[in-house]
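*Asks:* Residue strings, one per chain:
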Amino acid sequence: MSQEYIVLVAGPMGAGKTTAIAALSEIPVVRTEARNTDLARHSKALTTVALDYGEITLSGHDKVRLYGVPGQDRFDFMWKILERRALGLMLLLDNAAPDPIGDLDRYLKVFADLDQRGAMVIGVTRTDVNPQPDTETYNERLRESGRVLPVFALDAREPRQVCTLLGTLVALVEARATTVV
Amino acid sequence: MNDDPHLRQACQQQIETLVQQTLGVVSASVVSGDGFEVASLLRDDISGDKLAAMASSLLALSEAVVQELRMNSCRNIIIESDRGHVVALRIPASEHELLLCVLCNDSASLGAVLFAARSTAQDIGLGLEQRADA
Amino acid sequence: MQASSIDYRISANTAADAGSPHGIAASRSTLRLAVLGLSPGERQLLRAIVDVLDSRTEARWELVDDDSDCDLRLHRPGIDLPHAPAALTGLVLSEDESMPAEPGVRLIMPPRVMAVMELLNDAHDRLRQPRVEPAVDELIEAEADDGKSLASALARLLENRLEHSLRARIVGHGTLFLCRQARTFCTDFPLSQLQDALSQHRFVMTSIPDDLPELRSVIGEGRPIDEVLWTIGLATSWERSPERLSQARFRLRRWPNLTRLSHRPEHIQLCAVISTRAMTVAEIASATGLPLSDIRHFLHACELCGLSEECGMDGADLLPVAAVPATQARSGALGGLFSRLRQSLGL
Numbered sequence: 000m001s002q003e004y005i006v007l008v009a010g011p012m013g014a015g016k017t018t019a020i021a022a023l024s025e026i027p028v029v030r031t032e033a034r035n036t037d038l039a040r041h042s043k044a045l046t047t048v049a050l051d052y053g054e055i056t057l058s059g060h061d062k063v064r065l066y067g068v069p070g071q072d073r074f075d076f077m078w079k080i081l082e083r084r085a086l087g088l089m090l091l092l093d094n095a096a097p098d099p100i101g102d103l104d105r106y107l108k109v110f111a112d113l114d115q116r117g118a119m120v121i122g123v124t125r126t127d128v129n130p131q132p133d134t135e136t137y138n139e140r141l142r143e144s145g146r147v148l149p150v151f152a153l154d155a156r157e158p159r160q161v162c163t164l165l166g167t168l169v170a171l172v173e174a175r176a177t178t179v180v
Numbered sequence: 000m001n002d003d004p005h006l007r008q009a010c011q012q013q014i015e016t017l018v019q020q021t022l023g024v025v026s027a028s029v030v031s032g033d034g035f036e037v038a039s040l041l042r043d044d045i046s047g048d049k050l051a052a053m054a055s056s057l058l059a060l061s062e063a064v065v066q067e068l069r070m071n072s073c074r075n076i077i078i079e080s081d082r083g084h085v086v087a088l089r090i091p092a093s094e095h096e097l098l099l100c101v102l103c104n105d106s107a108s109l110g111a112v113l114f115a116a117r118s119t120a121q122d123i124g125l126g127l128e129q130r131a132d133a
Numbered sequence: 000m001q002a003s004s005i006d007y008r009i010s011a012n013t014a015a016d017a018g019s020p021h022g023i024a025a026s027r028s029t030l031r032l033a034v035l036g037l038s039p040g041e042r043q044l045l046r047a048i049v050d051v052l053d054s055r056t057e058a059r060w061e062l063v064d065d066d067s068d069c070d071l072r073l074h075r076p077g078i079d080l081p082h083a084p085a086a087l088t089g090l091v092l093s094e095d096e097s098m099p100a101e102p103g104v105r106l107i108m109p110p111r112v113m114a115v116m117e118l119l120n121d122a123h124d125r126l127r128q129p130r131v132e133p134a135v136d137e138l139i140e141a142e143a144d145d146g147k148s149l150a151s152a153l154a155r156l157l158e159n160r161l162e163h164s165l166r167a168r169i170v171g172h173g174t175l176f177l178c179r180q181a182r183t184f185c186t187d188f189p190l191s192q193l194q195d196a197l198s199q200h201r202f203v204m205t206s207i208p209d210d211l212p213e214l215r216s217v218i219g220e221g222r223p224i225d226e227v228l229w230t231i232g233l234a235t236s237w238e239r240s241p242e243r244l245s246q247a248r249f250r251l252r253r254w255p256n257l258t259r260l261s262h263r264p265e266h267i268q269l270c271a272v273i274s275t276r277a278m279t280v281a282e283i284a285s286a287t288g289l290p291l292s293d294i295r296h297f298l299h300a301c302e303l304c305g306l307s308e309e310c311g312m313d314g315a316d317l318l319p320v321a322a323v324p325a326t327q328a329r330s331g332a333l334g335g336l337f338s339r340l341r342q343s344l345g346l
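Chains as they are written, first to last, in numbering that gives the first Met the number 0: chain H, 0 to 180; chain B, 0 to 133; chain F, 0 to 346.
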């Protein structure tokens with residue numbers, strides 16, 4: 000029987016979730032986008048309203064399914080639906096947003112379950128546009144609350160980098176699984 | 000578009016007519032494609048914002064499914080529940096991405112509700128086009 | 000560590016330099032080179048090259064008879080060797096012969112002038128340090144790092160707190176600055192050459208004040224110092240005795256920024272394993288199935304970058320774990336998802 004592993008990709012709008020999934024997915028990403036009417040908050044023309052779907056086939060017909068959820072709060076019911084079934088979360092944060100550290104706090108609270116499982120990795124995008132806060136600042140913030148999570152600077156367009164992030168999530172989850180007595 | 004008061008008013012009127020004239024229709028809402036409420040008439044216990052977001056997700060997902068299955072286009076979605084139905088469909092209008100969402104109870108005839116919903120959607124769409132031409 | 004029983008010969012007038020392993024000797028010693036297994040034509044060519052290089056190499060080399068005592072003996076594999084002692088040996092190989100796996104002194108035939116010069120200078124460097132017979136299980140580490148590279152020198156300095164900024168001028172590459180205050184580094188040569196530069200033996204390193212004008216003008220372009228510390232840590236050996244290592248448990252306190260650091264997939268696994276709980280080297284080996292040398296290099300890199308913390312064996316810690324057999328650990332609770340994902344993604 001083939002296994003499937005579900006990985007959530009979440010984060011605020013404009014962080015690069017759809018791009019990151021496209022960089023990994025073997026199939027063209029299935030998108031659910033609509034015209035963005037909230038141009039005051041974001042200048043993007045389109046926004047994801049349900050989810051993005053991509054997949055990676057492993058040996059033996061097993062699959063890793065990538066679900067990118069919309070960033071806005073009003074779609075949090077989508078997050079809940081998928082969180083339950085997810086192996087882990089790739090959280091993408093936009094370093095050029097007004098308050099990326101605040102975003103980090105919010106998402107840690109929203110995905111408390113995955114957070115507790117320690118099944119989370121963080122990719123910070125657009126550090127070329129805005130180098131501050133630097134990864135050390137994110138790490139400090141995590142340390143304050145006793146967490147040690149991977150924080151990588153990420154160019155969501157680069158498959159190698161997104162691969163590294165996903166591989167890290169999986170390694171983390173595996174490490175946790177094998178240390179439970 | 001969301002802050003166009005004339006649009007809101009026009010949609011509001013259409014919705015009120017729909018609810019008043021169709022047996023069993025309890026609530027209705029016009030929402031933007033990206034999940035914001037434009038106009039609504041809702042039962043007390045329903046959050047308009049939540050409904051708006053969910054309706055947009057549902058329609059987008061359904062359209063993705065229909066496309067993947069190569070069944071052309073999605074006309075509407077119907078959710079059947081213990082207490083009635085939820086119907087959602089796109090409002091035909093060239094410029095605006097708008098959706099109509101209708102909730103009805105057991106006493107409704109699904110066929111009648113679908114017919115009324117499509118008519119309302121068409122009327123709203125026509126109204127938008129006329130205003131655009133004017 | 001046993002001292003070598005083979006003595007090495009350097010003429011008396013360079014004894015003053017014996018204590019400083021780097022920099023050009025003020026006066027030159029004469030070293031003897033024996034090369035066995037060459038055809039007369041090859042021998043003539045090599046002799047001509049050695050003569051040409053007479054004033055260009057750090058030490059003077061003379062070609063001696065096959066059965067003389069010598070400082071460097073190069074020979075074709077498989078031939079009988081004379082009884083006369085040689086301080087250092089190496090192989091003579093043809094271009095199309097496959098290279099043996101372990102590093103060492105190698106002369107490729109037909110010889111090229113620059114290659115012979117590099118070889119002779121390298122042999123000279125090796126001869127200036129006493130040879131050590133490493134214990135077998137450390138052999139891999141020792142061969143990867145002969146303790147005389149720029150990386151080694153930096154590692155030794157960095158293992159204690161960095162008191163000053165540093166400038167290293169590296170032969171054949173350029174200048175490397177390490178800025179202590181800003182925790183950045185920069186180079187005036189392409190970063191793609193950094194790894195090679197760090198493995199160089201010929202360089203001059205100077206402590207410089209943090210407010211040196213030359214340093215200030217390059218601070219702006221500096222990259223995070225972690226990027227070079229990580230590379231140094233992975234490339235150099237860790238000064239930790241096995242007894243001390245068996246007493247310590249290590250835990251990750253911060254993840255390295257792996258998209259910015261060159262790494263192998265094993266490093267991801269290692270980080271993951273010690274991010275969940277503090278483990279000894281043996282426990283890490285058991286959990287990952289990776290060789291001890293890999294684990295030690297990794298922990299060294301983590302230590303240099305300040306990513307790990309060390310706890311004693313009695314620390315109150317997370318749940319103790321029955322040692323997971325290596326084979327089971329590798330297949331893992333998730334069916335070895337990490338390795339399969341690597342395969343699919345070509346990681």
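Rather than coming from a laboratory, the hints here were simulated on the basis of the structure. All values derive from a computational prediction rather than experimental measurement. We treat Cβ as the ideally placed atom computed from N, Cα and C, and that holds for glycine. Please note that a few of the clues may not be correct.
[What the hints assert, rightly or not] With a straight-line cut-off of 20 Å between C-alpha atoms, the simulated SDA-like cross-links for lysine to any residue are:
| no. | chain 1 | residue 1 | chain 2 | residue 2 |
| --- | --- | --- | --- | --- |
| 1 | B | LYS49 | H | MET12 |
| 2 | B | LYS49 | H | GLU32 |
| 3 | B | LYS49 | H | ASN35 |
| 4 | H | LYS79 | F | ARG339 |
| 5 | H | LYS62 | F | GLY335 |
| 6 | H | LYS62 | H | PRO158 |
| 7 | B | LYS49 | H | ARG73 |
| 8 | F | LYS147 | F | ALA247 |
| 9 | H | LYS79 | F | LEU344 |
| 10 | H | LYS79 | B | GLU96 |
| 11 | B | LYS49 | H | ASP37 |
| 12 | H | LYS43 | B | SER46 |
| 13 | B | LYS49 | H | LYS62 |
| 14 | H | LYS62 | F | SER292 |
| 15 | H | LYS108 | B | LEU60 |
| 16 | B | LYS49 | H | THR36 |
| 17 | H | LYS79 | B | SER46 |
| 18 | H | LYS79 | B | LEU60 |
| 19 | B | LYS49 | H | LEU81 |
| 20 | B | LYS49 | H | PHE76 |
| 21 | H | LYS43 | H | ILE80 |
| 22 | B | LYS49 | H | ASP127 |
| 23 | B | LYS49 | H | GLN2 |
| 24 | B | LYS49 | H | GLN71 |
| 25 | H | LYS108 | F | ARG339 |
| 26 | H | LYS108 | F | GLN342 |
| 27 | B | LYS49 | H | PRO158 |
| 28 | B | LYS49 | H | ASP72 |
[Said to hold, decoys possible] Anything over 12 Å on all C-beta distances counts as not near chain B; from chain H, calculated:
| no. | residue |
| --- | --- |
| 29 | GLU32 |
| 30 | ALA33 |
| 31 | ARG34 |
| 32 | LEU45 |
| 33 | VAL48 |
| 34 | ALA49 |
| 35 | PRO69 |
| 36 | ARG73 |
| 37 | ASP75 |
| 38 | ARG116 |
| 39 | PRO130 |
| 40 | ARG142 |
*Asks:* Could you tell me which of the hints above the structure violates, numbers in ascending order?
*Replies:* 4, 8, 9, 10, 12, 13, 14, 15, 21, 22, 23, 25, 26, 27, 29, 30, 31, 32, 33, 34, 35, 36 and 37
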